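Visitor: Next come the chains, spelled out residue by residue.
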Amino acid sequence: MPQRKDSLPQPDPLSFLPLHKDSFEILVSLAGQDRHGYSVMQDVAERTAGQVRLSPSSLYSSIRRLLESGLIAELEERPDEDDERRRYYRLTELGRAVALEEMKRMERLLADARVAGLQLKRRQV
Amino acid sequence: VSKQTLAERGFGKLLALYPEEYRDEFGREIALVFRDRWRSNRGSFARLGLLAEAFQGVLWEATREQAATLWRDLKLVARGNMRAPLAPLAMLLTIALAVGANATLASILERVFLRPLPGVLQPEEAVRVYGRGYWRAETRSWPDYTDLQPVKAFSAVAAYRVEELAWRQGQQARKLETHRVAGPWFALLGLRPQVGRFFGAEELDEDVAVVTEQFWRRELGATPQLDGVQLELGDRKYAVVGVTPAQFQGIHLGTAQVFVPLQPMNRDRGNYGAVHVVARLRNGVSMAAADREANAANRNGYVAEGIVQREDTMRLGALALTQGPAAPKELMVAQWLSIFAAILLLIGLANVAQLLMTRAMEREAQNRLQLALGASRARLLRQWWTEAITLALLGGLLASALSLALLPAAERLLLPPGLNVAAAQPQGVIGITLAIVLVFGLLSGLIPAVQAAQLNLARTLQSGMRMRRRIWPGLRSGLVVMQVALTLVLMSGAAFFVRGLWQFTSQERGMPMEQMAVIRLDTSAARPSAGDEQRWLLRVAERARQLPGVVSAGLVQSVPFASSWRTRFYIPGRDSEKWGNEGGGRFNFLSNFIDAPAQQSLGLQLRQGRLLSERDVAGAPPVALVNEAFAQAVFPDGSALGRCLHLMKPAAPCTQIVGIVANARMENFYPIEEEQYYLPLAQPVREEVASAALVRFRGAADRELPALSRQVGKDLSGLVLVQSNTVAELAEPQLRPWRLAAATFTSAGLLALLIAFVGLFGVLANQVLQRNREFSIRRILGAANANIGWLVARSLAWLVVPGIAIGLGGAWATEKALNSLLPGSAETVWSPALVSTGVVLAAAALAAWWPVIKATQGETRLVAAEE
Numbered sequence: 001m002p003q004r005k006d007s008l009p010q011p012d013p014l015s016f017l018p019l020h021k022d023s024f025e026i027l028v029s030l031a032g033q034d035r036h037g038y039s040v041m042q043d044v045a046e047r048t049a050g051q052v053r054l055s056p057s058s059l060y061s062s063i064r065r066l067l068e069s070g071l072i073a074e075l076e077e078r079p080d081e082d083d084e085r086r087r088y089y090r091l092t093e094l095g096r097a098v099a100l101e102e103m104k105r106m107e108r109l110l111a112d113a114r115v116a117g118l119q120l121k122r123r124q125v
Numbered sequence: 001v002s003k004q005t006l007a008e009r010g011f012g013k014l015l016a017l018y019p020e021e022y023r024d025e026f027g028r029e030i031a032l033v034f035r036d037r038w039r040s041n042r043g044s045f046a047r048l049g050l051l052a053e054a055f056q057g058v059l060w061e062a063t064r065e066q067a068a069t070l071w072r073d074l075k076l077v078a079r080g081n082m083r084a085p086l087a088p089l090a091m092l093l094t095i096a097l098a099v100g101a102n103a104t105l106a107s108i109l110e111r112v113f114l115r116p117l118p119g120v121l122q123p124e125e126a127v128r129v130y131g132r133g134y135w136r137a138e139t140r141s142w143p144d145y146t147d148l149q150p151v152k153a154f155s156a157v158a159a160y161r162v163e164e165l166a167w168r169q170g171q172q173a174r175k176l177e178t179h180r181v182a183g184p185w186f187a188l189l190g191l192r193p194q195v196g197r198f199f200g201a202e203e204l205d206e207d208v209a210v211v212t213e214q215f216w217r218r219e220l221g222a223t224p225q226l227d228g229v230q231l232e233l234g235d236r237k238y239a240v241v242g243v244t245p246a247q248f249q250g251i252h253l254g255t256a257q258v259f260v261p262l263q264p265m266n267r268d269r270g271n272y273g274a275v276h277v278v279a280r281l282r283n284g285v286s287m288a289a290a291d292r293e294a295n296a297a298n299r300n301g302y303v304a305e306g307i308v309q310r311e312d313t314m315r316l317g318a319l320a321l322t323q324g325p326a327a328p329k330e331l332m333v334a335q336w337l338s339i340f341a342a343i344l345l346l347i348g349l350a351n352v353a354q355l356l357m358t359r360a361m362e363r364e365a366q367n368r369l370q371l372a373l374g375a376s377r378a379r380l381l382r383q384w385w386t387e388a389i390t391l392a393l394l395g396g397l398l399a400s401a402l403s404l405a406l407l408p409a410a411e412r413l414l415l416p417p418g419l420n421v422a423a424a425q426p427q428g429v430i431g432i433t434l435a436i437v438l439v440f441g442l443l444s445g446l447i448p449a450v451q452a453a454q455l456n457l458a459r460t461l462q463s464g465m466r467m468r469r470r471i472w473p474g475l476r477s478g479l480v481v482m483q484v485a486l487t488l489v490l491m492s493g494a495a496f497f498v499r500g501l502w503q504f505t506s507q508e509r510g511m512p513m514e515q516m517a518v519i520r521l522d523t524s525a526a527r528p529s530a531g532d533e534q535r536w537l538l539r540v541a542e543r544a545r546q547l548p549g550v551v552s553a554g555l556v557q558s559v560p561f562a563s564s565w566r567t568r569f570y571i572p573g574r575d576s577e578k579w580g581n582e583g584g585g586r587f588n589f590l591s592n593f594i595d596a597p598a599q600q601s602l603g604l605q606l607r608q609g610r611l612l613s614e615r616d617v618a619g620a621p622p623v624a625l626v627n628e629a630f631a632q633a634v635f636p637d638g639s640a641l642g643r644c645l646h647l648m649k650p651a652a653p654c655t656q657i658v659g660i661v662a663n664a665r666m667e668n669f670y671p672i673e674e675e676q677y678y679l680p681l682a683q684p685v686r687e688e689v690a691s692a693a694l695v696r697f698r699g700a701a702d703r704e705l706p707a708l709s710r711q712v713g714k715d716l717s718g719l720v721l722v723q724s725n726t727v728a729e730l731a732e733p734q735l736r737p738w739r740l741a742a743a744t745f746t747s748a749g750l751l752a753l754l755i756a757f758v759g760l761f762g763v764l765a766n767q768v769l770q771r772n773r774e775f776s777i778r779r780i781l782g783a784a785n786a787n788i789g790w791l792v793a794r795s796l797a798w799l800v801v802p803g804i805a806i807g808l809g810g811a812w813a814t815e816k817a818l819n820s821l822l823p824g825s826a827e828t829v830w831s832p833a834l835v836s837t838g839v840v841l842a843a844a845a846l847a848a849w850w851p852v853i854k855a856t857q858g859e860t861r862l863v864a865a866e867e
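Line order of the protein sequences matches chains D and C. Count the first sequence with the working numbering and you get residues 1 to 125, in order. Count the second sequence with the working numbering and you get residues 1 to 867, in order.
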């Protein structure tokens, strides 16, 4: 697995926040397992019950940005059972740290909203 | 692998919109994902949605990726240029100057020569009747106009005269440019009244007037109710009945303010200056067909009066005078200037291309490295284009600003005051600038881009990154040769105009111009009785003669540099072949009816015989003075004195030539002696009257005239509008375009010389640097400094000699063409092309100075040790 050069200082995860919603969805998808692009797309659609749909082009634009900023990395080896033509991606340590920070940010935001009196009605859940 | 569907293939093609690197990286993946989704969506509705979403996504993302790539390239360009800012600054300056000058001129010329007159409907069908042959003028006689009425090729024919009528009286008095119009004039031009109505052909006997929208706003307070609004013009009161549409300012050179009816004039076929004739072509009729029919009708008119007309006398042309054969000469200077500006643009282009090539050489190692690291050639190409186009666009911004700033001044300089053309629009100027710079950027970026594309990766890997080669030395030299040639053409054009101006200002004019002034009166508002005006002019002359600074004051019909008249005459036995189309042994030379004191005011110098005297009055034998050119042209045997002229008709009584005077240029500055003759005002032929008092002062007229003007104004207070000018003032409009041309062309020439100098210096210095080692070895082997200097000089000769050879051809052709602007100038002392060649050679020698010194001072010890 390619790693960022150790000699380079690790950037501060907070500097990536707030994440673009597509980027966060991709990080969440890759948090559980390594995936190829189409698998990420399917996973996002399943998790959000089809509410978030990434088009092929926007998916790869986000992937490119995540690759460039070192939040995900491309796998050199493919899982045995899969198509060799596909490219697989994995969350990097930095990516995981950034996803966690984004999660915390969202939780804090939710908590603040509740304190401010914003409550979801039961049927809206 | 299953076969691709049509949708998948289409989607694959769409990916070409992405930048190449992005496509290489992710293209296949994106296509695969699309394929998977396509195959998992079975329903047509779902597939349709997928198609729309995927296509929209690619369009959006590809645009973003392209923008991101462009941004990266721009940052690269900016970084590169910040490190060495001198070359890009030189390029920006070249582009701004070359493109700015061109955009300014293009904006002016487009409006003057291409755009139809403002406000005229379907202008392509509206034509003007011009003269042919000798009478190239835009005016015709009244019978010529009436001849055209039955022409079927025209749906309407109309005529007009341009007059300046006095409006208001006393201190508020001023002149209004008025069109007197006859026939269906407004309908022919397709005008619709903004307010009120127009007058038609049936109202030509009535005192009605139509005003322009600008006049209506400014002077009539934009009143919507025209009932009772009157204009007192000259000695008549006109009821204002309508207002023309906004922008319309008449169809003449100047801007008209008022339109009044023109009553039918007398049927004098010889009065070619009577009216301007315009017509509208019937639908589908060609200009050529209408021209033939119009001339046939004109010939019939002549035949009906018993005159045989052998050739066509009229031709149809553009309605706008600036676009027809009688366009003002100063506009031709603007046209020439635009050609020279285009040459400057070419020189600028060559210079920028050369600078970019030098940078390409400097960056070759970097480009090789990029290639070796996997960058595509397309990427390198795009980087060069981005650099060239960015520079061009930045230069374009500067050029736009320069052009917008220069435009008002350029218009004032290049166009006659008050010219009737559409106003300049800033967006038009910016549009023209951007169009020029885009072409400029594409062309200038082409050469280094192609160079970058030709880099050989295999050779790069074999020879290492540091290898430098001389990129297209032939092309670089070719560009310098072109610069030298074009510079020579420009310098030669500049020298031509400088010579013209020099000729204009230094030649013997035959009259004391600096001491002369004219006073003209507009008496129309005073409702003078017959002879009043002449009496008032006499009073002006007498008053002038009382002033101590005045040498003489007399009356003239033609005012030098302001108005000229010709009077026909016949000489038995001498058929003038020159004016063959008029036939019948008729001559038509410049004439001036003057009184005796005016001879001294004009500074006439007697060569033979006597001058006019107070005794040459009505009833006394008719007499004339002729100038030397007249005497030489008509009586080359030297027998002019005592001979008879028959004025107006072959059977007219003899007007005897009693004196021959020196030539004087009273109409223009061209170095051609024009035939001219003088007749006594007291012996009129067609009721000729004086139009001005001509005063000659002891000192400079511009100092003395104001006092006289004030005095005359006081004497004739309330009666007339006094207009006083020095003759130098009246001549100034003729000199203005030449002054301008000499100044602008010299600037353009010097700029071109500077650019070519930089180009020559760059190429020579580069050659010397590259051959430094060779020169050192030659010196170690015993070559003298002179020999090394000779080697560099030979390189210089290879660039300069072909450039001068080509340039001389261009300069010769330019001079030939320019000679039509300045008849007679070819017989003069020095050739602009030769002088320019001398200047270019001197500049070339200067450019070689440093390279020669450098070549002869190279390091020899180190080289010897290395070898």
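These aren't lab readings, by the way, just hints derived from the structure by calculation. Just so you know, not all the hints are guaranteed correct.
Far from chain D, some chain C residues (derived; all Cβ distances over 12 angstroms) [what the hints assert, rightly or not]:
id	residue
1	Y22
2	S40
3	F45
4	Q56
5	S376
6	L407
7	P416
8	G619
9	Q723
10	G810
Dumping the calculated SDA-like pairs for lysine to any residue here, alpha-carbon to alpha-carbon at most 20 angstroms [what the hints assert, rightly or not]:
id	chain 1	residue 1	chain 2	residue 2
11	C	K75	C	A378
12	C	K75	D	S69
13	C	K152	C	A296
14	C	K75	D	S39
15	C	K649	C	R586
16	D	K21	C	W60
17	C	K13	C	R72
18	D	K21	C	R64
Predicted, not measured: the structure shown is a model, and the values here were computed from it. Even for Gly, the Cβ is constructed at its ideal location relative to N, Cα and C.
Visitor: All hints are to be evaluated individually against the structure, with a verdict given for each.
Guide: How the hints compare with the structure:
1. Non-interface status of Y22 of chain C relative to chain D is broken: a Cβ of that chain comes within 12 angstroms, the nearest being about 7 angstroms off.
2. Annotated as non-interface, S40 of chain C brings its C-beta within 12 angstroms of a C-beta of chain D; the closest such distance is 9 angstroms.
3. Distance check for F45 of chain C against chain D: the nearest CB is about 15 angstroms away, which clears 12 angstroms, and the non-interface claim stands.
4. With a least beta-carbon separation of about 8 angstroms from chain D, Q56 of chain C fails to lie farther than 12 angstroms from that chain, contradicting its non-interface assignment.
5. Non-interface call for S376 of chain C relative to chain D: holds, since the shortest CB-CB distance, roughly 17 angstroms, exceeds 12 angstroms.
6. The claim that L407 of chain C is not at the interface with chain D holds, since no C-beta of that chain comes within 12 angstroms of its own (minimum 45 angstroms).
7. In this structure P416 of chain C is separated from chain D by more than 12 angstroms, as the shortest Cβ-Cβ distance comes to about 60 angstroms.
8. With a cut of 12 angstroms on Cβ distances, G619 of chain C stays outside the contact zone with chain D, its closest approach being about 104 angstroms.
9. Here Q723 of chain C stays apart from chain D, with its beta-carbon at least about 76 angstroms from theirs, past the 12 angstroms limit.
10. At the 12 angstroms boundary, the C-beta of G810 of chain C stays outside the reach of chain D, the nearest C-beta of that chain being 55 angstroms off.
11. At roughly 18 angstroms between alpha-carbon atoms, K75 of chain C and A378 of chain C fall within 20 angstroms of each other, so this suggested pair holds.
12. With a C-alpha separation of about 19 angstroms, the suggested pair K75 of chain C and S69 of chain D falls inside the 20 angstroms cut-off, and the hint holds.
13. With a C-alpha separation of about 12 angstroms, the suggested pairing of K152 of chain C with A296 of chain C holds against the 20 angstroms cut-off.
14. Between K75 of chain C and S39 of chain D, the direct Cα distance comes to roughly 36 angstroms. Violation of the 20 angstroms bound is thereby established for this hinted pair.
15. Distance check on the hinted pair: K649 of chain C and R586 of chain C sit about 9 angstroms apart at the alpha-carbon level, within 20 angstroms; holds.
16. For a cut-off of 20 angstroms, the pair hint linking K21 of chain D to W60 of chain C stands: about 17 angstroms separates their Cα positions.
17. Note on K13 of chain C and R72 of chain C: the hinted pairing is violated, with a Cα-Cα distance of about 25 angstroms set against a maximum of 20 angstroms.
18. With a C-alpha separation of about 18 angstroms, the suggested pairing of K21 of chain D with R64 of chain C holds against the 20 angstroms cut-off.
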